[in-house]
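Sequence order for the protein chains is A and B.
Letter by letter, the first sequence follows residues 2 to 165 in the numbering used here.
Letter by letter, the second sequence follows residues 408 to 629 in the numbering used here.
One thing to keep in mind: the hints can contain errors.
Going by beta-carbon spacing under 10 Å, a handful of chain B positions derived as facing chain A [said to hold, decoys possible]:
no.	residue
1	E412
2	I420
3	D510
4	L518
Listing some non-contacts, in silico: residues in chain B with all C-beta distances to chain A over 12 Å [stated by the list, open to error]:
no.	residue
5	F456
6	V462
7	L466
8	L476
9	D478
10	R480
11	V486
12	V504
13	L537
14	L539
15	P541
16	H553
17	A571
18	L573
19	I584
20	R588
Derived by calculation from the structure, the hints in this document are not laboratory data.
Quick caveat, the model's predicted, so the values are computed rather than measured.
Glycine is no exception: its CB is placed at the ideal position from the N, C-alpha and C atoms.
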Amino acid sequence: MDQDQVREEFEERMAEHRGIVFKLAGIYARPEDREDLAQEVYLQLWRSYGSYDPQRRFSTWLYRVALNVAISFARRTAVSDKRTVELSTVDDVPTMKHFEDRDERVEAIYEAIRGFDELNRGLMLLHLEGYTYREIADVLGISETNVSTKLNRLRNQMRQDLTE
Amino acid sequence: MEFEEIKSIWSQIDPHAKEKGGFEARLLRGLGMDRVRSRLAGLQVGLAFEILAGVGAALMTGSYLAAHLGDLRFLIPAVVLHFAAMTLIIVPVRQLVTLRMIDYSQPVVALQKRLAAFRLSRVREAGWLLVLGPFLWTPLAIVAAHGLFGIDLYEGFGIPWVVANLAFGLFVLLAAIWASRRYGHRAGTSRVWRSVSDGLAGRSLVVAQGFLADVTAFESDD
Chain A
2 MDQDQVREEF EERMAEHRGI VFKLAGIYAR PEDREDLAQE VYLQLWRSYG SYDPQRRFST
62 WLYRVALNVA ISFARRTAVS DKRTVELSTV DDVPTMKHFE DRDERVEAIY EAIRGFDELN
122 RGLMLLHLEG YTYREIADVL GISETNVSTK LNRLRNQMRQ DLTE
Chain B
408 MEFEEIKSIW SQIDPHAKEK GGFEARLLRG LGMDRVRSRL AGLQVGLAFE ILAGVGAALM
468 TGSYLAAHLG DLRFLIPAVV LHFAAMTLII VPVRQLVTLR MIDYSQPVVA LQKRLAAFRL
528 SRVREAGWLL VLGPFLWTPL AIVAAHGLFG IDLYEGFGIP WVVANLAFGL FVLLAAIWAS
588 RRYGHRAGTS RVWRSVSDGL AGRSLVVAQG FLADVTAFES DD
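Pulled out of the complex, with its shape left as it was, chain B reads as follows (with noise of 0.2 Å):
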């Protein structure tokens, strides 16, 4: 087929043939479009949750780490989970700060890279996020068990429990990556667990990686 040919056949599809009332004219009536509008409304309303529960955890940790500044054994693992609920804070901001921002109206190649340069700079912060999630647990009990009842844990169980937790989180992360490298492709629909999969397999990184690789060569002379 000549390439005349396939323009001529191109300019002749006319969508308002096939479809009663006409595709477009069903669009410029509005129908459907509360789906679309909440679901965009949906991941704002769920960035903003992940802000309050950042904030909440935030101040959580923050009053417990001002009232043990002279004890280290609970300073440090107050410090290490103030610096997780902070990073709950400053992730989804900066996403939903993005989402506000974006000019669709861009050039295409330009905002495509900066969209790519934003989705891997995400993926590697997720990626971040799981691997140190598994090591969260043990000053979690440590900074919760005291904090809540009144227990220390050091005390109680005494440095091997500490060590061995952390092994143990050194081992749940290890198994989950050696795990999702077998394993993932079987990850079946469900989105949450492929995502995890693919965040830990590095799959999600490839995949960001590669689409900015694409539009940065895209948009080069060859």
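Next up, chain A with everything else stripped away, as it sits in the complex (with noise of 0.2 Å):
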């Protein structure tokens, strides 16, 4: 298969998987920085395509290659971020609201999930985009009972978020 042809399957394959990196880059990254790690996202998908073994699900090896680029933006801006609102004026730095005009209850889930810490954003996407407890213990290496103790505790925090 040459090149154009896998860039073509690659190409397929995230169709059908659609949305994904636009999310994630609205649960990790601040909203000025949602288009560098989105495309930080899909290069190192493209340069991993390679080592993707087809008889393995493709969205457990696009959840994780995905997640863990994602995981370690958030964690090289983490301190920066803190910096930033410590220096400025909470006005000054832009929300998504400013970026975007989002239905409001969108933007308060966004809003409830970027209130966890980054690796509960990573379970709480997946369970939110519809993956069963084993597939998500897949993606993230825990086990099935962990993951159910963990949803039930981020399922009632969301909730409690967002009837406040």
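Using the hints, put the two standalone chains together into the complex.
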């Protein structure tokens, strides 16, 4: 298979999971860094595509790569984020609302997810995307029991956050 | 809001609806990829440059060291500098190898744990370099003056000069730690100063240890 065919196959597979990089960027990056993160995720997915084993589920591979890049990105920017908030007034920091005109309920959900730590954000994202406990456990590398326990807690937290 | 409602709203998010041409379609066409690629390449080029600088320093200190094996006055500072130069090679080589070996398709917790442990060791290495840095001035001055200009600082200024310089290094180090702890929050937007300040004050270590602890706690069943 030549490079063009590989790229075409990659694009077709990615099209089946459209929206995931967009959502991931909204959860893990500040508005001004969103496109940088999205590009980094896409670039890494493309670079790692050669190591994808077709015997395994594409979505598991996709989420592993995407979450690993996003979490590393978020960790890298976490300290400077804190500094930015300290150095500027809160009104100066652009929010997703400034960035685009979204449904308020969608924005509230994003905000609630961003309130979790990086690993729990990934867990909630996979859950909202409709993945089973087993699939989530496979992507994250933890037990199904652990997934279940954590999700119960996170769901309650989220319900509470969105009701207040 | 009930959770089923949350899921339903989430499933309706369409990235293509708000942006002309679609957010991901633009990424697929590769627009802006060069910026990311050059940033990643820049990091590797930076590390390669550090390795080259370390090799150059190791060669110079190594040849000076070999020529002064019989003279302890110059051998000791040369060994100290050679050790520092070797550290300048080993640390970036290790980082470069790790960067190239990262497999992003590993389970998230396993890779993040590995990265957190690596970050922690990097912070510790950087911390040691910052601590030892102020003490390198004295051996550097002795070896450089002798190697480049043939000036013997021991004879010119005597042992008290060496001791005074080492004491001054200790004073600079303690003052820098105090200033980082006291005024580190005013470090501004300079990345280099912030990194030095956080390293000296131990904040980087606390952050790195904290993330490793978070990943380990996430992994364990509770």
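Verification of the supplied hints:
With a cut of 10 Å, the hint placing E412(B) at the interface with chain A holds, because the nearest CB-to-CB distance is about 9 Å. With a cut of 10 Å, the hint placing I420(B) at the interface with chain A holds, because the nearest CB-to-CB distance is about 6 Å. Hint status for D510(B): holds, given a least beta-carbon distance of 7 Å to chain A, under 10 Å. Contact between L518(B) and chain A, as hinted, is supported at the beta carbon level, the nearest pair being about 5 Å apart and thus within 10 Å.
Residue placement check: F456(B) keeps its beta carbon more than 12 Å from all beta carbons of chain A (closest about 21 Å). With a closest Cβ-Cβ approach of about 28 Å to chain A, V462(B) is found to remain outside the 12 Å limit, as its non-interface label requires. At roughly 34 Å from the closest C-beta of chain A, the C-beta of L466(B) stays outside 12 Å, upholding its exclusion from the interface. Once the 12 Å rule is applied to beta carbons, L476(B) is consistent with being away from chain A; the minimum gap is 46 Å.
Look at D478(B): its CB is around 47 Å from the nearest CB on chain A, clear of 12 Å, so calling it non-interface holds up. With a least beta-carbon separation of about 44 Å from chain A, R480(B) lies farther than 12 Å from that chain, consistent with its non-interface assignment. With a closest Cβ-Cβ approach of about 37 Å to chain A, V486(B) is found to remain outside the 12 Å limit, as its non-interface label requires. For V504(B), the non-interface assignment is confirmed: its Cβ lies about 17 Å from the closest Cβ of chain A, beyond the 12 Å cut-off.
Residue-level check passed: L537(B) sits 17 Å from the nearest beta carbon of chain A, beyond 12 Å. With a least CB separation of 24 Å from chain A, L539(B) remains clear of the 12 Å interface cut-off, as annotated. Every beta carbon of chain A lies more than 12 Å from that of P541(B), the smallest distance being close to 25 Å; the non-interface claim holds. Every C-beta of chain A lies more than 12 Å from that of H553(B), the closest at about 43 Å, which supports listing it as non-interface.
A571(B), annotated as away from the interface, keeps every beta carbon of chain A farther than 12 Å; the closest lies near 38 Å. L573(B), annotated as away from the interface, keeps every beta carbon of chain A farther than 12 Å; the closest lies near 33 Å. The beta carbon of I584(B) is kept farther than 12 Å from every beta carbon of chain A, the shortest such distance being approximately 19 Å. Every beta carbon of chain A lies more than 12 Å from that of R588(B), the smallest distance being close to 16 Å; the non-interface claim holds.
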